[in-house]
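Protein chains: 2
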Amino acid sequence: MTNPNPHMLSGFRILDLTRAIAGPTCTRMFAEMGAEVIKVEAAPDGDMTRGYSKFGSERSLHMIQQSLNKKSLCLNLRDADGMAILRKLVPLCDVVVENFRPGIMARMGLDYAALRELREDIILCSISALGQTGPLAESPGYDYIAQAYAGITSMIGDPDSTPSIPAAAIGDVSTGVTAAFAIAAALLDRYKTGLGQHLDVAILDCYYHCHEVNVHQYSGSNGEISHKRNGSHMGYICPAGVFRASGGDVVIMAFAQHWADLCAAMGRPELVDEAGWKTDAERMTHTEEVIITIEDWLQNFADVDSAIACLEAHGVPCAPVLSVAQTISHPHLVERGTVRTVNDRVAGEFQMPGHPIHSNRYPANNDYDAPLLGEHNNALLSDLLGMSDDELSALKKAGVLHEKNV
Amino acid sequence: MTNPNPHMLSGFRILDLTRAIAGPTCTRMFAEMGAEVIKVEAAPDGDMTRGYSKFGSERSLHMIQQSLNKKSLCLNLRDADGMAILRKLVPLCDVVVENFRPGIMARMGLDYAALRELREDIILCSISALGQTGPLAESPGYDYIAQAYAGITSMIGDPDSTPSIPAAAIGDVSTGVTAAFAIAAALLDRYKTGLGQHLDVAILDCYYHCHEVNVHQYSGSNGEISHKRNGSHMGYICPAGVFRASGGDVVIMAFAQHWADLCAAMGRPELVDEAGWKTDAERMTHTEEVIITIEDWLQNFADVDSAIACLEAHGVPCAPVLSVAQTISHPHLVERGTVRTVNDRVAGEFQMPGHPIHSNRYPANNDYDAPLLGEHNNALLSDLLGMSDDELSALKKAGVLHEKNV
Numbered sequence: 006m007t008n009p010n011p012h013m014l015s016g017f018r019i020l021d022l023t024r025a026i027a028g029p030t031c032t033r034m035f036a037e038m039g040a041e042v043i044k045v046e047a048a049p050d051g052d053m054t055r056g057y058s059k060f061g062s063e064r065s066l067h068m069i070q071q072s073l074n075k076k077s078l079c080l081n082l083r084d085a086d087g088m089a090i091l092r093k094l095v096p097l098c099d100v101v102v103e104n105f106r107p108g109i110m111a112r113m114g115l116d117y118a119a120l121r122e123l124r125e126d127i128i129l130c131s132i133s134a135l136g137q138t139g140p141l142a143e144s145p146g147y148d149y150i151a152q153a154y155a156g157i158t159s160m161i162g163d164p165d166s167t168p169s170i171p172a173a174a175i176g177d178v179s180t181g182v183t184a185a186f187a188i189a190a191a192l193l194d195r196y197k198t199g200l201g202q203h204l205d206v207a208i209l210d211c212y213y214h215c216h217e218v219n220v221h222q223y224s225g226s227n228g229e230i231s232h233k234r235n236g237s238h239m240g241y242i243c244p245a246g247v248f249r250a251s252g253g254d255v256v257i258m259a260f261a262q263h264w265a266d267l268c269a270a271m272g273r274p275e276l277v278d279e280a281g282w283k284t285d286a287e288r289m290t291h292t293e294e295v296i297i298t299i300e301d302w303l304q305n306f307a308d309v310d311s312a313i314a315c316l317e318a319h320g321v322p323c324a325p326v327l328s329v330a331q332t333i334s335h336p337h338l339v340e341r342g343t344v345r346t347v348n349d350r351v352a353g354e355f356q357m358p359g360h361p362i363h364s365n366r367y368p369a370n371n372d373y374d375a376p377l378l379g380e381h382n383n384a385l386l387s388d389l390l391g392m393s394d395d396e397l398s399a400l401k402k403a404g405v406l407h408e409k410n411v
Numbered sequence: 006m007t008n009p010n011p012h013m014l015s016g017f018r019i020l021d022l023t024r025a026i027a028g029p030t031c032t033r034m035f036a037e038m039g040a041e042v043i044k045v046e047a048a049p050d051g052d053m054t055r056g057y058s059k060f061g062s063e064r065s066l067h068m069i070q071q072s073l074n075k076k077s078l079c080l081n082l083r084d085a086d087g088m089a090i091l092r093k094l095v096p097l098c099d100v101v102v103e104n105f106r107p108g109i110m111a112r113m114g115l116d117y118a119a120l121r122e123l124r125e126d127i128i129l130c131s132i133s134a135l136g137q138t139g140p141l142a143e144s145p146g147y148d149y150i151a152q153a154y155a156g157i158t159s160m161i162g163d164p165d166s167t168p169s170i171p172a173a174a175i176g177d178v179s180t181g182v183t184a185a186f187a188i189a190a191a192l193l194d195r196y197k198t199g200l201g202q203h204l205d206v207a208i209l210d211c212y213y214h215c216h217e218v219n220v221h222q223y224s225g226s227n228g229e230i231s232h233k234r235n236g237s238h239m240g241y242i243c244p245a246g247v248f249r250a251s252g253g254d255v256v257i258m259a260f261a262q263h264w265a266d267l268c269a270a271m272g273r274p275e276l277v278d279e280a281g282w283k284t285d286a287e288r289m290t291h292t293e294e295v296i297i298t299i300e301d302w303l304q305n306f307a308d309v310d311s312a313i314a315c316l317e318a319h320g321v322p323c324a325p326v327l328s329v330a331q332t333i334s335h336p337h338l339v340e341r342g343t344v345r346t347v348n349d350r351v352a353g354e355f356q357m358p359g360h361p362i363h364s365n366r367y368p369a370n371n372d373y374d375a376p377l378l379g380e381h382n383n384a385l386l387s388d389l390l391g392m393s394d395d396e397l398s399a400l401k402k403a404g405v406l407h408e409k410n411v
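Quick note, the sequences are listed as chains A and B, same order. Just add 5 to wherever you are in the first sequence, counting from 1, and you've got the working numbering. Just add 5 to wherever you are in the second sequence, counting from 1, and you've got the working numbering.
Heads up, some of the hints might be wrong.
Note that the list lumps identical chains together, so a pair holds whenever it fits in one copy or between two copies.
Below 20 Å or equal to it, Euclidean Cα-Cα: the simulated EDC-like pairs (lysine to aspartate or glutamate) are [what the hints assert, rightly or not]: (1) Lys283 with Asp84; (2) Lys401 with Glu229; (3) Lys93 with Glu122; (4) Lys409 with Asp349; (5) Lys59 with Glu229; (6) Lys233 with Asp163; (7) Lys197 with Glu143; (8) Lys59 with Asp285; (9) Lys401 with Asp388; (10) Lys401 with Asp349; (11) Lys401 with Glu275; (12) Lys59 with Asp388; (13) Lys59 with Asp374; (14) Lys233 with Asp394; (15) Lys409 with Glu380; (16) Lys402 with Glu380.
Read the hints as simulated data drawn from the structure, not as lab findings.
Chain A with its partners taken away, still in its complex shape (with noise of 0.2 Å):
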């Protein structure tokens, strides 16, 4: 059970309770970076993503990308032996995560209190929709209902429709990026204090903080500034947002003083001093205009890349809207391992996003292996808990512990 690939959080073992996205993010985090993840699957399915996303296999790609350099656990959780492996296995983790409905912990016994009677310095942290606390703590909560709630939902989409909801896991996946920064802030805590803690992370919370300016201003201005939603452009500055081109879509940043260079780049360089179209004030007041200016002058090109090339070449800031299949053949997300390439050693080959941190010292792993269903049951609790095979053969036929070769 030595660890392969030794990382920047090598020597750290967590045991991950977390099912779905937001909680599985964070403990794959830990586990990409070398930490010891001990994932506990409920027997007898294990995690409601290896239910998804199967092709030509019943593995699942979902649960890959979610688990991998993880270890599998698959206990029965219903079952009172069970519970007390799982309770043994508390004293031997630093870490201990769950994203369970705010309450759930503490009717499996298993609440921050009764974490620290087993290991006093361990570190909870929970992940929810809207949080451990405040009137709607036990909500049911999705990544689109926190996001509702935080008014971003409300900053996207048409002023004149019904607000449009991001097709990827943003709030999900960037809140298990917080929790797992609060952990990784609460172990460097451990070595000064020798304590432990409970930490309390929400999607509604992580959203609200991505709020730049719409919240100071609205408040700053006593309601005077309200930002609403403002469709493919930018409310305030102006040009800046996406325009229609031939074959496609691209986004234009000329605000500014990127407007003169958009201008030349347009072989209109008259529009830089025109009355009107001098400042993002000014053009903001018939962005309408603007617009279709750049939209028309956009049609002269054969596709999208030739327009990027002449903007480029003008140095206005720009990006082609690339669709997700184009851009796990783009050379530069290629290059930089934005877009991996996975060899599972039953799906096979296939592409998932890269791990967002890049360093000197610790080049991307793609040899990481994602778990079978149990895999580790009798590797960890051999190890762990000095569990015989005997012992472990009666826990597997009493259905306590469960494998499946998905």
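Chain A is fixed; fit chain B onto it per the hints.
Frame of chain A; chain B shown alone:
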């Protein structure tokens, strides 16, 4: 210069060369959690955010939001003496954080190799839009440019229109938090190995990391499954999305087992078993009808709150789509500190997002100050570099040091 707010990260000192949003978010995470963050601001104006969000005073709420508990050192970085001071501070700092365009640190003589000569175990964290490596590394970058390259923009908005962009700095902020995690992990690593490292964290990678299924499903299905943006609704379960109600919008997540709860709420129990309405897959084939049924029913309520009350009473996961104005006084967000009130010594009282990490050992601190420009010039340079009052006066007179009450 003792730190009056002991917290998880007390004892670490960060040299903060960042500006705008992503970088300052990273260092603010450290400052709010007790680290000593020396924010280096270029004379004479300091961080560009000092120019925005002013209401009734010359004090920028934007700067306050990003600078709580930081110390401001305002230096002329075009002056050899200014740069010499910067270099003398490096050996006294655990971490240097910067978010210049890749290549600028090298031109300033402060790339990782140069910093290592000043302090061998230094941790350098470089934050950028598109990363330090790859063909696009030196392109100018903003949140929305990275978002477009990450395939995220293509997943937001109505399928038949140009994509929408969220009016909040989701990429900047979540990248700042990811960088904070990277630094905390590197500090943990330094305890074990005694070594520093160079970290490279990009908005592009952090956005791409949010594709929980889009990339692996496209890849695993050889392009057969190609999720597209789908407006206000999820693209593969139904009903799940934003629905227009009386006086506002609501998020309803009534997929899978929650469908029966919604049917009960609507007083339409027959729909649970009706052919074509039973499963998400069936409902996906006529989503428009499902949406109209729900939105028609929602019109029966006088307002959003009464619709939410009914949905909650039936256990349907749901949320009101709050405007930013509504979030500021929402009891849950206020009680949790998701929104917090800051009382600035110059700008007075206003609201901004709270710190997203809650700990039982370190309750939220609402007394943090943001620095005046150059406020800590003298204290920092006398304490850390042993400069005399005469030296400090001379540097100020020469314009190497600068301060202003903003």
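Against the structure, the hints come out as follows:
no. : hint               : in the structure
1   : Lys283 with Asp84  : neither (72 Å within a copy, 33 Å between copies)
2   : Lys401 with Glu229 : neither (66 Å within a copy, 40 Å between copies)
3   : Lys93 with Glu122  : within (12 Å within a copy, 48 Å between copies)
4   : Lys409 with Asp349 : within (16 Å within a copy, 59 Å between copies)
5   : Lys59 with Glu229  : between (51 Å within a copy, 13 Å between copies)
6   : Lys233 with Asp163 : both (9 Å within a copy, 17 Å between copies)
7   : Lys197 with Glu143 : neither (34 Å within a copy, 40 Å between copies)
8   : Lys59 with Asp285  : between (49 Å within a copy, 18 Å between copies)
9   : Lys401 with Asp388 : within (17 Å within a copy, 64 Å between copies)
10  : Lys401 with Asp349 : neither (27 Å within a copy, 62 Å between copies)
11  : Lys401 with Glu275 : neither (79 Å within a copy, 44 Å between copies)
12  : Lys59 with Asp388  : neither (32 Å within a copy, 61 Å between copies)
13  : Lys59 with Asp374  : within (17 Å within a copy, 52 Å between copies)
14  : Lys233 with Asp394 : neither (63 Å within a copy, 51 Å between copies)
15  : Lys409 with Glu380 : within (8 Å within a copy, 62 Å between copies)
16  : Lys402 with Glu380 : within (16 Å within a copy, 69 Å between copies)
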